[in-house]
Amino acid sequence: MTEDHSYWYLASYPKSGNTWCRVFITELMRLAGDNLREELNLNQDIETGAIASSRLWLDDQLGVNSCDLSFCELDPLRGRAGASAWLFAEGERFHKVHDAFQSRDSRGRPVVSTTGCSGVVYILRHPEDVAVSLGHFFSWPLDRCVDFLLDPSAALMPGEHFGGHQVRQHMGRWDQHVRSWVDQTQLPVLIMRYEDMLAKGSETFTELATFLGLPSEAHLIDQALENTSIEKLKKLEEDLDGFAEKPAGCERFFRSGRTGEGADRLSNVQRQRLVKGLSEVMKRFQYEGPEVD
Amino acid sequence: MPAASPEAYQAFGMLLSSSLALPELMPADAVLTEREPLVELVEADHRQWPALQPSPHSTPMLQLAPQEWRLEFEGIGWFRATGGERLEWQRWDDSVSDRDIRTFAVTSGLGALAIQRGGLVLHGTALERDGEAILLLGHPAAGKSTLAWCLLQEGWRLLSSELVAVSSDGLVQPGIHQLKLWHDAAVAVDLNWAQLPPVRKGLKRYALMAQDLTCMPQPTPLRLIYSLNRAKEDSGKENDIEVGDDKEKISLKASRNFSQTNALLRLRNQAFHARMYRGMDAEAQMFMQAAGLARTVPLHALIVPDGIRAMAESLKKVNLMQPESMQQRKEAIEEDASND
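Residue numbers (this note's numbering), protein chains in the order written: chain A, 1 to 293; chain B, 294 to 633.
Treat the hints loosely; a few may be bogus.
Claimed, not checked - Chain A side only, calculated, beta carbon under 10 Å to chain B, not exhaustive:
| id | residue |
| --- | --- |
| 1 | R55 |
| 2 | D59 |
| 3 | D60 |
| 4 | G63 |
| 5 | N65 |
| 6 | S66 |
| 7 | L69 |
| 8 | C72 |
| 9 | E73 |
| 10 | R80 |
| 11 | A81 |
| 12 | T115 |
| 13 | S118 |
Don't read these hints as lab results, they were simulated from the structure. For clarity, every value in this text was computed on a predicted model and none was experimentally measured. Yeah, the Cβ is synthetic: ideal placement off N, Cα and C, and Gly gets one too.
Same shape as in the complex, but just chain B (with noise of 0.2 Å):
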């Protein structure tokens, strides 16, 4: 049941029309409307939805299979995506709300048409300054809204947020224009929390929407790959950076550029869900992809202080196109440095 005006929107390169609103998206440009073909997303019936054949990559709540993603998800709803071209949910009752079923339409349902569409997705945060792309990686809970955000403060554009899909070009597509952030990094880069909306209701972990950030609407070439890691998570890795020196030990750090071996094994592990992309039969696609990215864009580990006020300051003194700006005395920091 369609509501009677669809709104159109533009995510990962994908042109969508959905009967729920979408905040957390661009609204399409004229360009792309004459240009792509639309992907709708719709309130449908899941009991209408064919059986599929059991797969060893599905579990309880998800089902997978070529070009069919399926989230079961008790009460929340049922969500399907199809063929790339079509995204279909339903509440699981009606308590459950436009922002619950939001929350998950958006980042694992787009998510999964991207990577039924051949995009390569991963686990990260993109932004981009004059006219170049970063990347950061790294699995939720790493930093990433944390660092974007004290970035934006810092002049540079929000390209996509949780999830980001780089195209076979090496461009990074609009996406995800919301950044969410923990309680605690909002007190702590000075955010009135109370002020914005819960990401979902009851949760101390605030949504700051596109009106409230500055956001980059136009692909960017890729030109720099983050792998964060936080300095207390590589206590192992402490002892190689030289003790005593105190501005080291709240500086952003970066390694040097990852092998391609390595710097492929660290895309894969950073690939949005690899089961997904197991599941839907596209692994071997993903791998071409980030064999391709590890070959053409530098990967480097960042170090990022512990401490949210620590890592907004170190930002003002470095450069994060430049990570030989970085880097520390005695090549101090191995590219193994990870917590993988």
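Bound-form chain A, shown alone (with noise of 0.2 Å):
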């Protein structure tokens, strides 16, 4: 393949499915390249870790040591980190990024560079579904992840108290955190909603790959779908003992993968709060709740 310095950025409110479509862009690639080694690596083939809020890097692009800085300083100055050809001049060019386009403390900057970006994907996920996936991950009960949803000073946070390896990733409110990526104009955007993903694949990835600039011919598409199917990543992660984006006491990263366990397993009362509290962005994006009492 030519070489490409472009570089992108995939967003998402967490447990919404960016893990999978990194997996699916990393397969689509290998799939496309001239030597197709045997297997998917799920540790060594996907770019783990989201780049944009990791302290080591931000380091180095800032020339001092983050931990110097509070969170509400560093903020408005991470948007400015990355700008240079390092970001992507070691092959990493799709970023995941978790934070909110912008955070509170940004100044109403963003908090990832968009100089010399190509355009973001931003996934997103019934609000449901992502606090039962949340509950999973994080092993909170769902009222927590409810709450959690509906915060807007949510926050992927190491602490104030200890170091960490990532800075603090802003979210906010749930819906506030899918405004600010698929309103902001300083990026492209393709929106891509992770029940398209699982309903109409083919369709939806083929998109993907368009607007990347990737290969998109239907049989590498349809055959990247089949080995990233959530059947494949579980068998994957299995025989790998051990993903390296599980958190200690997550049982599996890939869980079940399927639309609509929110509404099974959410009761009545928590899912009004979370219809009455992001009822327009749900509206928006086509995604149902209970009738509010």
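Join the two chains into one complex using the hints; note that each chain is given alone, in its own frame.
Here's what the structure looks like:
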């Protein structure tokens, strides 16, 4: 393939299909490449971790020890980091981001660099299903997951009391997160619903490949989809004996992958709370909730 | 506009004169004052600085060229190190405190100067005991300072924290005499954190200054290098350690001596900002020095138990000058036990 120095963001609220999307891209590129290796290796082949919030990467870009800065001070600087060629010099072209496009502290600036960025794929998933998936991932009770989705200051945070390898990733309320990415005008955006990735795989992933300028022949898309089905990923994870992105305490990273689980597992009160808090954006993206009392 | 009476300090083999008080550094001793040329830390006007050629290694905050390092730090100030002889700084505005300026001048700024003067500068913390030094390598938040604090309680002396400069004759130069501990670490080692100054206003990270520490004022030959890994981060390797022995799970463990090639790679990865070396055209120099060090000083991985109390306890039972005392049966920890 010709050398391509463009870079892209794969942005999503956590547990919305970001990893699947990255695995698919990796697999598609592998299938389209000249030197086809045997099989996808989850830990080696996908660029793991959220590089945009990695402390090491930020330190290198900023030239200081980011531990000496508060998260409030870091947020306005983060968007200025990574505008240089280094970002894509090492072949890392698709960057996972869980932050909202802006944070409360970023003074209206994006928390990711937009310079030289070709665009963003924003992946979203029904918030009820996100809640259930968060519960498994963090080992949280469902009430806490619902609170988190509705919390305007929600963030993935290493805590302010110790260091950690990532800086704070501010997400805010689920609908604020969605809007921050889909309504921003600085980067071209492709919006993908997790539900469409599942139900209309060929169509949705062809659109993705076209947007990213990747090979989009039907046989490649279908083969890549087959190789990254949830069943295949579960098996790969088992064979691997530990997937690097799985937190301690979480039994498995690739779990059910199905839609509609939230409606089954959440109580009516929990579902009511979500739909009341997030109704506008849920409607906009055809996510149904219970009748509001 | 220099202040009336700049003070003289020493760090990383440099004699420094600064109008800004730098309590993180040692006052200069008389011998050094006669021998070394003076490096000046002065307040300046960044608008007077000549334009630089664009460099692929520069970032929006960091501008680099041979013998030139500049940091434009919104909300804090401007910093410039040139020719290994001069460190200039300017506050962003009047609200910026001396401590804010010091925090970045004393770490990134002095690191840049030391590189310009041909030093090997590494992310690390160095300690001395019985006239020999060990160097703990690790990226920020790896746990170097906490381990160093525990070692100070065991009779070691601090040579430098955060940044360590090793000279070509294998001596560790005294540098930054300050330890920064996160809140959780301060609590775990029973420090009265409420009495400690925060590293910067509002941070839950505290500064232990020279008066709170036992420091080593003399250059010291480097005997051993440890590259820090947290036990939890090496979960993929934990299976190699025999399960069921609780003592092993909570003890410090050292790997075998790295091969020279792997030691060189590890040292390169811990260079104080590879970008700064590249951008100041000093990468070849760094490789030569790191190769020399890898040839002469053994480097081991050090697996630190997860949990600060466990670490402090396990330190009492081992001798860090004898890595073989921390190697487990079956030579369990291979040198590739790494999270780099």
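For each hint, the structure was consulted:
1. R55: Holds, because the Cβ-Cβ distance from R55 of chain A to chain B comes to roughly 6 Å (cut-off 10 Å).
2. D59: holds, 6 Å
3. D60: holds, 5 Å
4. G63: holds, 4 Å
5. N65: Since the shortest Cβ distance to chain B is 5 Å, the answer is holds.
6. S66: holds, 7 Å
7. L69: Cβ of L69 of chain A sits 8 Å from chain B, so the hint holds.
8. C72: holds, 8 Å
9. E73: The hint holds - E73 of chain A has a Cβ within 10 Å of chain B, the shortest such distance being about 7 Å.
10. R80: Status holds, d = 4 Å.
11. A81: holds, 7 Å
12. T115: holds, 8 Å
13. S118: Because about 19 Å separates S118 of chain A from the closest Cβ in chain B, which is outside the 10 Å limit, the hint is violated.
Hint 13 from the list above is the single one not met by this structure.
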